[in-house]
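Enquirer: Sequences are here, hints too, so could you generate the full structure?
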Amino acid sequence: MSDQALKDSHARKKIINDLDTNFLVEAGAGSGKTSSLVKRITSLITNGKNKISEIAAITFTKKAASELMERLLNELEDRHNSETDPTIKENLYDAINNFDQCFTGTIHSFCSGILRERPVEAGVDPDFDEIDDSDEFGLITEVWNEFIKSTRAENPDMLKLTEKIGVSPEELQDSFVMLNKYPEIKIHAEKSEKPDLKPAVKKVLEICKEASKYIPDEEPDKGYDAFQKNVQSTLRLLEYRNLYEDKYAIEILTKFEKTPKITQNRWLDKKTAKNFQDVILPDLVENTVYPVLRKHREHIYTYFIDFFQDALTYYENKRNQESILNYNDLLTLTSKMLRNNSKVREYFQNKYKTTLVDEFQDTDPIQAEIIMYLTGEDLKETDWSKLRPKKGSLFVVGDPKQSIYRFRRADIDIYNFVKEIISQTGGEILELTSNFRSLNSIADYLNPVFEERFPESGDRYQAPMAKIRAIRENNYEHGVKKILVQCDSRKKEDVVEIDAENIARYIKYAVDGGIKLARNEEEKSKGLNEKPVYSDFLIITKHKDLLEQYANTLEKYGIPSTVTGDDFFSQSEEINHIYKLLKFLSKPDDEILLVSVLRGMFFGLSDNDLYQFKASNGYLNIFSSIPESLDENIKNLFNNCFSTLRKYKKIINELPPSSALETIFQDLGILPYTSLKNLSKSRAANIYFLIEQVKQKETTEFYSFGNVVNHIGRLLESKFEQRNSLEVESNCVRIMNLHKAKGLEAPVVFLAHPHKNTKHDPTQHINRREGEPIGYFALTKKKGIHHKKIFAQPKNWEEFQEEEQKFLDAEFERLVYVAATRAKNLLIISCKEKGNGSQNPWLSLLGNLKDDDVIDVPDVSIEHDSGVNELSVKDINDKKAEISHWRHSVSEENYSNMTPTEVKDLEKIFAGERLEGGGQDWGTAVHNFLEFAVMTKDTGYEDLDTYIKFTFEELDISSDRTEEAKKIIEDFKQTDLFNRIKNAEQVETEAPISMKINPESEIMNLFNTKTSNKPIILAGVIDLVFKEKDGWVIIDYKTDRVNSEEEYEKLRQAYLNQVEIYAKAWEEITGEKVKEKNIYFV
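Okay, so the sequence shown: first residue is 1352 according to the numbering used here, each after it adds one.
What the hints contain is simulated information worked out from the structure, not anything from laboratory work. Wrong hints could be hidden among the right ones.
Unchecked claim - Taking lysine to aspartate or glutamate pairs in the EDC-like style, the calculated list, with each CA pair at most 16 Å apart, reads: (1) Lys2347 / Glu2418; (2) Lys1537 / Asp1661; (3) Lys1553 / Asp1597; (4) Lys2380 / Glu2423.
As the list claims (entries may be wrong) - Between beta-carbon pairs, the in silico distance windows are: (5) Phe1758 / Lys1882: 36 to 42 Å; (6) Glu1569 / Asp2203: 53 to 59 Å; (7) Gln1775 / Asp2203: 48 to 54 Å; (8) Lys2134 / Phe2432: 56 to 62 Å; (9) Lys2001 / Asp1845: 45 to 51 Å; (10) Glu1521 / Asp1476: 29 to 35 Å; (11) Glu2153 / Asn1871: 42 to 48 Å; (12) Glu2184 / Gln1452: 56 to 62 Å; (13) Val1884 / Ile1447: 31 to 37 Å; (14) Asp2207 / Glu1569: 51 to 57 Å; (15) Asp1845 / Asn1871: 36 to 42 Å; (16) Val1528 / Gln1775: 36 to 42 Å.
This structure is a prediction, so every number in the text was calculated from the model and none was measured. Glycine included, each C-beta is placed from N, C-alpha and C at the ideal position.
Expert: Structure (C-alpha cells):
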C-alpha cells in the first residue's frame, strides 16, 4: 500500500523531510518504529545535515541496536546504489565508509563511552569495570554481609533494634537491594513517636482467652480454622514468653492485623463464632491492632532508612575502591557530569548533533535528563526540566500503550513530561497508527476491546486510546479465537498441563497442513508459503512459571521449541548439582557439603548408606580411610566416591578452571545424561553456557577456582536468564513470558496459562513530577516463598500505596495490549471452560468472543520422526571440508600458555648443587601431606597412617618412607608458620589461578618467554595462602635439598620471581594486599 493511502502518511513524510523540528513519535504496535528511525537517519545523511559520526541512536536492548545497525546499513547501501545525485551519493558513500563511527547501542553503553572519554571530569577511574545485574547481585550480597559484620563490631545497638522487633539482618537484604536501584532518589523519612504496644497486646490476649472457651479440644475433621490457630499459637507463646516485649508483641499483633477466617461449624457455639466474625474481630483489627502497628512501623522507619543509607554509602565506597560501576552509576555519573560541567556538555553536543531514542516509554528516567543535557540550548542551565532542545537535535520514538517496565524504573510520568517539553518548545507530537503487522480481523476485534480499557485522552497513569489501523486484508486462517481448557481442578499445574496439550495438538495439526496462513512480502521473500512452519507460532504467558511444561508437551509431539524469560538455568537440576559439587571441591573439609554431594545425582548414596558409614565410625572426609567393618558393597561405594572426588580435586588443582570443568563434566557423563531427559537441547545448552561463562571470565580477569564457584552461585541466586546459541534450531516454537515478547511478532500467537493472575501490593512509590524526585518505600521481609510482609513504612504510606496502585493497574492494561498485538494472522486465547475466570490474565480480551470462535482441538498422533536422515557421500565430504576449514581458522595460536614456574633464568640464578630428594613424585606427596596438615589442623591424627598409605600407593612410593613423611608433618606443625595458619581469618590450600596477561603488563617481564606481542594465559596453583588481620600471606612449598643454609638462601632468591607472580595474581583476584610472600623448604 502506498503512503498516500495511509491515514498517517503526513506524519511519515514529516519524519523524512522536516529535519529541523524535534519530534516525539508515538508509534503504535506494528507501525514500523525501526523503519522510522532508519528513514530519519538516512534523511539526515542524504540531506547533509549530519555526518554519520554526529548521530547517536539509543536503543532499549542490544538486540534492537544490532537490528537497527543492520537495517540502516542495508538502507544506506541500497540508496547509494540507486542514487544519481553526486552530492547525495558522496554523503552516502562517506556514511557507509565511516559506519562504525555512528553510535548505536543501549543507554548504558552510550554512557560508558562518555565516561571513558572524559574520566577526569567525571571523577572515575579510566579503566573502570562495568558489572551487569547478575554480577551485581553477588557483589551486593558480599558487601551486605561485610557491612553487617562491620556494624556488629562498631554499631551493635543498631542490630539490637532489628533483633528487638524480630527482623534478622538477612531479612533486611531485600530492602537494601530495592533501595540500591534508586540512587538518585531522596527517600522520604519523617520522624514519628513510638506507640505503646501493651494496650493492644492486652486486648488481643483478652479476646484470645475468651475465644479459647469455644474452641473444641478435639480438632475438627477439616482442621482448626485460621482464627482458632491464631488463638492457640498466641496462648502457647504466652506460656513461655513475655508477650509485652516488642519482638513478641509485634509477632502477636501481626497475626490479627487482618481479620482471620472463621468457619462457624468448627466452633462449640456457632452464634459466638459469628459474633467474633462479624463484630469482635473487625473492631479489634480496625480500632486497635492496625492503628498501633501502623504507628510502630512509622516510628522505626527512620531508624532503618538511616541504617540503609549507611549501607548504601558503604556499598558506593566499595565500588569506588574497586573501580566498579553498576548500570545506575553509568547513568547518574553521566548525568551529573553533563549537568555540572558546561564545557563537557558543549563538547558532547558538538560531537552528537542529533540524538535519536527508541522505545522511550520504557527507558530509565535518568535517560531523560541525559538527552535533555545533550540537546538543550542553555549550556548553563542545571535543571534538565527547564531546558529547550535545539531545533532538529532530538528525535524520540515510543508508544505509551506499551510502557510495561515500571518494575525496572521506567516511569510513564516522565514520558508524559518529556512529551510536554517537546510540544511546548517548538517540537511536535506525531502519531503512527497504520499497522503493517496484523490482518484486519484482529484489529477489528481488538479496537472495541481497548476502547473500553484506555481513555480517549491520556492522563498521568494511562496512555490515550489510539486505534489499530491494520492495512493487511484478511485471507485464510485469521482473527481472534479462544481455546477451552476442560479442567475442574483449581491447581494451576493441572490447568497448564491440559492447556499445553491443547496448544501442542493444534500446532501439530496446523504444521501438518491443517490451516493456511496469508503471507506478507517479507515472509514471501524468505521462501515461506501458506503452509505453516514451527517458527510461525509464539506462546506467551503472563508469568514465568510453568513455561517448561509447554516445552515438555511440545517435545512429546515432536515439536521443537525454545524457552525465553524463565528461570530454566537457575532451576536446572544438573546446574544445581554441579554447583554443589564444585562448591565442595573448593572446600573439601566441609562435611555438610560432602553429604549433599554424596546424596546428589552424581553419586546417589542413600541415607542408609551414610548411616551405616557413620555407625561404623567412619570419618566423612575424602582423604580418610573406609571402616573395615562396613558391608562390602557399601565399602566399595564409598571407595569409589572418595577416589572420584580426590581425582576431581586433583584436576581442579592442576588445570585452568574451564579445562577442569570440561574434564570433570566429561568424566561424569553429564552431557549424555541430558540427552536422555526432556528438553535435552536446552539442558545441554545450560552446561555449555556454564563453560562459556568461565572461559569468558578467564580471558578478561584473574580467575581462581573459588571465583568460578562464587560466580556460578551468583548466577543461580540472581535467577539469571541465560542466552545461548545452542538452544535449538531456528525453526521452532517460541515460548516466553510477556515481558520478553515485547517487540516480537508471529503469525499465530497463543495467550496461554489461563489460571494465574496474581497481584502484589506495591512496596514503593516514586514522585518525579515535583522537583527533586522523592521515594516512598515500604520495608519488607519474606513471608513464605512468594509473599512479603511490611515491617516498616513511611507516614501516610496507604496514600502512596494507593497512588502507586493506580500506575500498576494502568500498566496491567498495557501488558494485555502488548500481548494481544503480537499476532499477525491469528490470536488464540486460552480460557477455562468453567469457573475461575478472574484467575485468567487474558479475561478482558474474551468478552466479545462467541461460541463460533472456539478452536476445536484436533486429535493428532504423538508419534514423530526419529530425526534420522540418510546421508550421501557428498554430504559427508562437504562436512569434512567444512570442519577442516574451521580447524584451520582456529588453529593459529593467538596466545601462549605459561605457569609461574617458568621464571627467567632460574638455573643461572642458582648454580649450586642439589642433593637427591626423591624426585617429582616425592615432591607431590610432600605437598599432599602439608595440605592434609593444614586442613585437619590439630585433628585427623587417626587418619594420618591411612592418608600416607593412600598417597604412597597412588604415587608408587615405597612405604619405607612412612616415618619420614610423619616427621615432615610433625615438624611442620611445630613451626611458627603453622600456628599462624591456625589463627588465620581465612586459609586456602592448593588455590588454582588462571589469568590473561597482556604484553604490556609488568608481570610479563618475570617470564622467560618469547611470545612477542601475544598475550599469555597464566595458570598455576598457590600451595598455601592465608589471611591475617593486615593482609594475605603466600607460601610456596619446595622440596629441593642443598648443602647449607647459605645455599638455601640462594635457592630462595632464585624462586622469588615465581612467588612474586603468585602475589600479584592474588592481589588482583581478591583486590586486597599481599603483605608477605615466602618459601617453605621442607
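Enquirer: For each hint, tell me whether it holds in the structure or not.
Expert: Here's how the hints hold up against the structure:
At roughly 14 Å between alpha-carbon atoms, Lys2347 and Glu2418 fall within 16 Å of each other, so this suggested pair holds. With a C-alpha separation of about 14 Å, the suggested pair Lys1537 and Asp1661 falls inside the 16 Å cut-off, and the hint holds. For the suggested pair Lys1553 and Asp1597, the alpha carbons sit about 13 Å apart, so the restraint of at most 16 Å is met. For the hint linking Lys2380 to Glu2423, the alpha-carbon distance of about 11 Å falls within 16 Å, and the restraint holds.
At about 40 Å, the CB distance of Phe1758 to Lys1882 agrees with the hint of 36 to 42 Å. At roughly 56 Å, the beta-carbon separation of Glu1569 and Asp2203 lies within the given 53 to 59 Å, and the hint holds. At about 50 Å, the CB distance of Gln1775 to Asp2203 agrees with the hint of 48 to 54 Å. Between Lys2134 and Phe2432 the Cβ separation comes to about 59 Å, which falls inside the hinted range of 56 to 62 Å.
Checked against the hint of 45 to 51 Å, the C-beta distance between Lys2001 and Asp1845 comes to roughly 49 Å, which is consistent with it. At about 32 Å, the beta-carbon gap between Glu1521 and Asp1476 stays in the expected band of 29 to 35 Å. For Glu2153 and Asn1871, the Cβ-Cβ distance of about 45 Å falls inside the hinted range of 42 to 48 Å, so the restraint holds. Between Glu2184 and Gln1452 the beta carbons are some 59 Å apart, a value that agrees with the proposed interval 56 to 62 Å.
Roughly 35 Å separates the CB atoms of Val1884 and Ile1447, a value that falls within the hinted 31 to 37 Å. Separated by about 53 Å at the C-beta atoms, Asp2207 and Glu1569 satisfy the suggested range of 51 to 57 Å. With their beta carbons about 39 Å apart, Asp1845 and Asn1871 fall inside the hinted range of 36 to 42 Å. Between Val1528 and Gln1775 the beta carbon distance is about 38 Å. The supplied range of 36 to 42 Å therefore holds.
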